[in-house]
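Q: Sequence:
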Amino acid sequence: MFARRIDQLSSSLVRDILAATKRPGMVSFAGGLPAEEALYRPDKLDAGLLANAWQYGETEGEPALRAEIARLGNKLGIACTPAQVLIVNGSQQGIDLVSKLMIDEGTPVLTEAPAYLAALQSFKLFGARFCPVSVGPDGADLAGFERTLADVRMAYLTPTFQNPSGYCYSDAERDAVAAALDRHDALLFEDDPYRALSYDGEAPQPIAGRLKSARWVYQGSFSKTLAPGLRLGFLIVHPDLITPLTRLKQAADLHSNRVSQTIIADLLAKGELEQHVASVLPLYRERRDAMATALQRHLGGHAHWQLPAGGLFFWLKLARSCDTMALMRRALDAGIAVMPGEPFFPNGADASYLRLNFSHASPEQIEQGIARLAQLLNAD
Numbered sequence: 001m002f003a004r005r006i007d008q009l010s011s012s013l014v015r016d017i018l019a020a021t022k023r024p025g026m027v028s029f030a031g032g033l034p035a036e037e038a039l040y041r042p043d044k045l046d047a048g049l050l051a052n053a054w055q056y057g058e059t060e061g062e063p064a065l066r067a068e069i070a071r072l073g074n075k076l077g078i079a080c081t082p083a084q085v086l087i088v089n090g091s092q093q094g095i096d097l098v099s100k101l102m103i104d105e106g107t108p109v110l111t112e113a114p115a116y117l118a119a120l121q122s123f124k125l126f127g128a129r130f131c132p133v134s135v136g137p138d139g140a141d142l143a144g145f146e147r148t149l150a151d152v153r154m155a156y157l158t159p160t161f162q163n164p165s166g167y168c169y170s171d172a173e174r175d176a177v178a179a180a181l182d183r184h185d186a187l188l189f190e191d192d193p194y195r196a197l198s199y200d201g202e203a204p205q206p207i208a209g210r211l212k213s214a215r216w217v218y219q220g221s222f223s224k225t226l227a228p229g230l231r232l233g234f235l236i237v238h239p240d241l242i243t244p245l246t247r248l249k250q251a252a253d254l255h256s257n258r259v260s261q262t263i264i265a266d267l268l269a270k271g272e273l274e275q276h277v278a279s280v281l282p283l284y285r286e287r288r289d290a291m292a293t294a295l296q297r298h299l300g301g302h303a304h305w306q307l308p309a310g311g312l313f314f315w316l317k318l319a320r321s322c323d324t325m326a327l328m329r330r331a332l333d334a335g336i337a338v339m340p341g342e343p344f345f346p347n348g349a350d351a352s353y354l355r356l357n358f359s360h361a362s363p364e365q366i367e368q369g370i371a372r373l374a375q376l377l378n379a380d
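The opening position of the sequence shown corresponds to residue 1 in full-length UniProt numbering, with each subsequent residue numbered one higher.
Accuracy of the hints is not assured; some may be wrong.
Unchecked claim - DSSO-like, lysine-lysine: derived pairs with alpha carbons at most 30 angstroms apart:
| # | residue 1 | residue 2 |
| --- | --- | --- |
| 1 | Lys124 | Lys317 |
| 2 | Lys212 | Lys100 |
| 3 | Lys75 | Lys270 |
| 4 | Lys212 | Lys75 |
| 5 | Lys124 | Lys100 |
| 6 | Lys44 | Lys270 |
| 7 | Lys317 | Lys22 |
Said to hold, decoys possible - Derived CB-CB ranges, DEER-like:
| # | residue 1 | residue 2 | range |
| --- | --- | --- | --- |
| 8 | Ala143 | Leu39 | 38 to 44 angstroms |
| 9 | Ser134 | Pro63 | 40 to 46 angstroms |
| 10 | Gln296 | Ala172 | 29 to 35 angstroms |
| 11 | Arg153 | Ala53 | 34 to 40 angstroms |
| 12 | Gln55 | Thr243 | 23 to 29 angstroms |
| 13 | Thr81 | Ala172 | 27 to 33 angstroms |
The hints are simulated quantities; they were obtained by calculation from the structure and are not laboratory data. Beta carbons: idealized from backbone N, C-alpha and C, even for Gly.
Make the full structure from the sequences, and use the hints.
A: Here is the structure:
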């Protein structure tokens with residue numbers, strides 16, 4: 001009755017858990033939700049600014065916004081023009097479009113292990129054969145990258161405050177990965193939604209700008225820096241890829257939200273995005289530090305972790321083997337939502353991890369939730 005690929009379609013565990021977090025008294029560390037206080041909420045919108053935003057627009061995106069994003073890309077070391085920018089409805093659409101472009105049934109795709117679970121969901125739907133390379137507290141497995149790139153068509157990486165591990169590749173690691181991609185002529189899909197949320201200085205420049213010959217897609221988002229409700233992200237792509245990706249978007253939705261595009265283009269032109277991010281970083285740093293303190297107080301004997309230098313997550317390795325899917329269900333019953341580690345591994349291995357989001361809960365809720373989690377682990 002359905003297309004064969006539907007057999008490979010899985011539900012998003014994050015979305016399933018978030019539906020359960022609406023219960024009163026629930027403390028949620030599950031999703032990657034920005035703080036409510038950090039969301040961009042304009043007091044009023046200039047009717048003149050939006051006067052031309054209500055009709056159909058260009059598939060590629062509003063010219064003013066594409067120009068601003070190209071400027072940002074060049075600032076990050078990615079040589080590009082506005083013609084290489086494609087506006088998308090959030091990062092997930094970008095992942096979907098690249099999946100459609102690059103993945104057939106059985107296509108080998110290099111991913112990190114762990115990796116962003118919604119990207120794995122999309123790649124799996126189109127039949128990818130996962131070729132994972134480990135990324136952990138000690139860094140990226142550069143030898144594994146070299147070996148694996150010889151056999152893959154595409155590498156999907158989130159090297160800046162990686163979701164879920166929080167790891168940020170060093171300049172040396174980025175140079176080594178770029179050189180390996182060039183040697184093996186594999187396409188790089190670099191997903192970079194957390195770059196601006198850096199708490200200890202600027203992150204190294206993207207891998208995409210370090211490539212000499214390999215093709216690339218660089219993806220960014222405004223969900224973490226402004227508001228997820230705007231549903232807007234962008235791809236900056238190698239010149240060879242803009243036409244097929246634009247045609248894929250035409251087949252999907254014609255164009256992205258012009259109202260959101262107009263608002264964000266205006267913010268970028270005025271420099272207000274940087275001002276907004278600077279204003280919310282202290283809030284996120286406070287919550288990160290509150291979770292670090294609570295973890296040390298309650299879970300020091302139960303898990304190992306590193307203080308994330310950016311992004312929105314702690315990545316915990318539990319000291320004892322644990323079925324984290326079962327722990328998740330027990331935690332929901334106890335009024336706390338956590339993300340089990342298993343879905344972040346491409347082949348479902350190494351389950352004794354938890355991803356904890358610190359941005360959406362207050363320091364008081366963080367203390368309360370971590371204490372509840374400790375009680376569950378003490379009961380094992």
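Q: So, for every hint listed, does it hold in this structure?
A: Against the structure, the hints come out as follows:
1. Lys124 x Lys317: With Cα atoms ~25 angstroms apart, Lys124 and Lys317 stay inside 30 angstroms; holds.
2. Lys212 x Lys100: 25 angstroms, holds
3. Lys75 x Lys270: 16 angstroms, holds
4. Lys212 x Lys75: Cα-Cα ~18 angstroms, so holds.
5. Lys124 x Lys100: 11 angstroms, holds
6. Lys44 x Lys270: 16 angstroms, holds
7. Lys317 x Lys22: 27 angstroms, holds
8. Ala143 x Leu39: 38 to 44 angstroms: 42 angstroms, holds
9. Ser134 x Pro63: 40 to 46 angstroms: 42 angstroms, holds
10. Gln296 x Ala172: 29 to 35 angstroms: 30 angstroms, holds
11. Arg153 x Ala53: 34 to 40 angstroms: 38 angstroms, holds
12. Gln55 x Thr243: 23 to 29 angstroms: 24 angstroms, holds
13. Thr81 x Ala172: 27 to 33 angstroms: 30 angstroms, holds
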